[in-house]
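A.B. asks: Each chain, written out:
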Amino acid sequence: MQPFTSLTAPACPLGLANVDTDQLIPARFMKRSRADGYGGVLLHDLRFDEQGEPRAAFPLDDPRHAGARILVARRTFGTGSSREAAVYALWDYGIACVIAPSFGDIFASNAVKNGLLPAQVSDADAETLLALLAGGGHLTVDLEAMAITLAGKDGSGQPQQRFSFTIDPVRRLQLLNGWDDIDLTIRHTAEIARYRSERARSQPWTFPEAAEETRPDQAVQAMKL
Amino acid sequence: MSAVPRTLFDKLWDEHVIAVREDGETLLWVDRHFVHEGSHHAFRKLDERGAALAEPALTFGVADHYVPTRGRPVIADREVAGMVERLSGNARQHGFRLFGLDDPAQGIVHVVGPEQGLTLPGLLIVCGDSHTSTHGAFGAYAFGIGASEVAHVLMTQTLWQRKPKRMRITVTGQLGAHVSAKDLALHVIASIGTNGAQGHALEYAGPAISSLSMEGRLTLCNMSIEAGARCAMVAPDDTTFAWLAGRPFAPSGAGLDEAIGRWRALASDASAVFDRDIVIDGDAVAPTVTWGTSPEDALPISGRVPDPDAIVADPARRAYIADALGYMGLAAGMPLAAVAVDRIFIGSCTNARLEDLRAAASVLRGRKSLVPGLVSPGSSLVKRQAETEGLDRVFIDAGLTWADSGCSMCVGMNGDLVASGERCASTTNRNFRGRQGLGARTHLMSPAMVAAAAVTGRLTDVRTLPQLEA
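In the order they appear, the protein sequences are chains A and B. Per my numbering, the first sequence runs over residues 1445 to 1669. Per my numbering, the second sequence runs over residues 4 to 473.
If you are wondering where the hints come from, they were derived from the structure by calculation, not from laboratory data. Positions of the beta carbon are idealized from the N, C-alpha and C atoms, including for glycine.
Selected chain B positions facing chain A (in silico; Cβ < 7 Å):
(1) M86
(2) A150
(3) T159
(4) F252
(5) P254
(6) A319
(7) Y323
(8) G415
(9) S423
(10) F435
(11) R438
Here are a few chain B residues that sit away from chain A, every Cβ distance over 10 Å (derived from the structure):
(12) D272
(13) G336
(14) W405
(15) D464
Let's have the full structure, built from the sequences with the hints guiding it.
C.D. replies: Here it is, written out as structure tokens:
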């Protein structure tokens, strides 16, 4: 996984609350392989009408926010379905950081595992950022310092305002280091094996008998309905 | 034994700890891993590493998200057929048990797991599906995970987790007649919001919960993800143990007795402390329906569609409501009971168990539906049993379509869709924009309330229909 340390990029104010993962990627696009790319279907049904035409005034397609790599949204971003494809859609579009007052738990976990930073700010700071970015603008998101600064519109201006954000400290370290969970887990192989044999001994029912094919009559009977 | 009083969740957590890292991340053992057609990204990761499936005997596949509900075994849509075949291929390659399209016990993963006795008290259960919280109804630690985590479980049968906070919702009193676990779930979500339980493991307790059937507890734990909970649970009791006895994968005989002995300890200690402790008055819960595009947008059926202009203090909230009403095609202030529906859907991991079908059928028996609708049982075994009881005839005679089992019109992946602009009374779990199809307008409610809406053609308090069977 690619580490995340600091990012200065155009930021798009997506002034929506409750952006669920069904919005981030509608279910009908999830049959595709990752190799085909998910960026084009990010927020598809909010960006395009039923004829496939771009909807006027959708922030992501507003030229003032072209090239956005940071999104600012309102509360409970990424709630709902556990689909990691919601993160793939953001990432493949180019988004590496979402700033919002709260996130769906599974979304935040999926985001970090793909190198995307979910930065949590207060409701008031989210509103301020949305207002400041209305006409376009760049943000610098510094994960080491857990700080967001508004940069000049060309990305080189003096920082004007500073906001702090929060993130679970473990997730912060994972992002900063680009750690891969599986590599970490392999170091615990012996402990896993010990745990497994103890569990099989003390609670054997947690390992079900090798499954015979279920006979329908037996299963229905077992339902005791 | 530890002297510190522990919650049910603390006990489940402690029992699964393999290792704790310095930073607090904890490696947990996974007892059951359910996979489905949507798990293909994770299997790809497994193949990319050239890794083997760690525990085929603890891995169970269920074909549910994409399977057709009509015309089986033919799958007309080639892309959908490809998704179902990919799961079968992964099951063959890695050697795990698959409840596939042709299996008599096929169904929705969160219905099949409990039905087969794969879901047991005290287990840690994961699946790449947010509604995995459902299985907590048995006193299990069950939660949904993303594709990266699914891959990690496939390769190691473990997961790194940070311990969530503990939250308890105690429901006092008893739910009234024709008020179900679904009404309670919507009432809770409307009370605490979609992030009301965020970061918490949620335990339900109290007399109204003890009185719930296993089906009701499954519905309640299922919907808890819509309140942001990481997982939800009910302490196992005699209702739980009686339900499990005799199921194909559950322990039996002396093994069951031994297990029940252990399971009885799975309850929060009397003096255990919760990070959040909330009390809900069960007597006050009314039949509840949603009006907006988030499950927290729920009100008693006697209510009116909210008026955004009445919200003075919170412009973001005002804009949200106005936007939701625009999408839903509703006028501010109109009585919810005046909202006409175009179709109904009875199905999903939330509300398609036998008890749900019986509740809907008891309203529809001898009546006609004024709108078209689809009834998709939670599993193929539920379907068989419903047919044995003649419930299928009730639905068909009412003018509804009796279909096979799958996620169907809840998630709209298999082609069962609500048309754009159509309004659907639905027993499902999410009224998100476009969830049931592009432009679809979803109102969530209980099976009995959906049946009532079918009979009158509008959102209706089921208690006001004449000659209801008790």
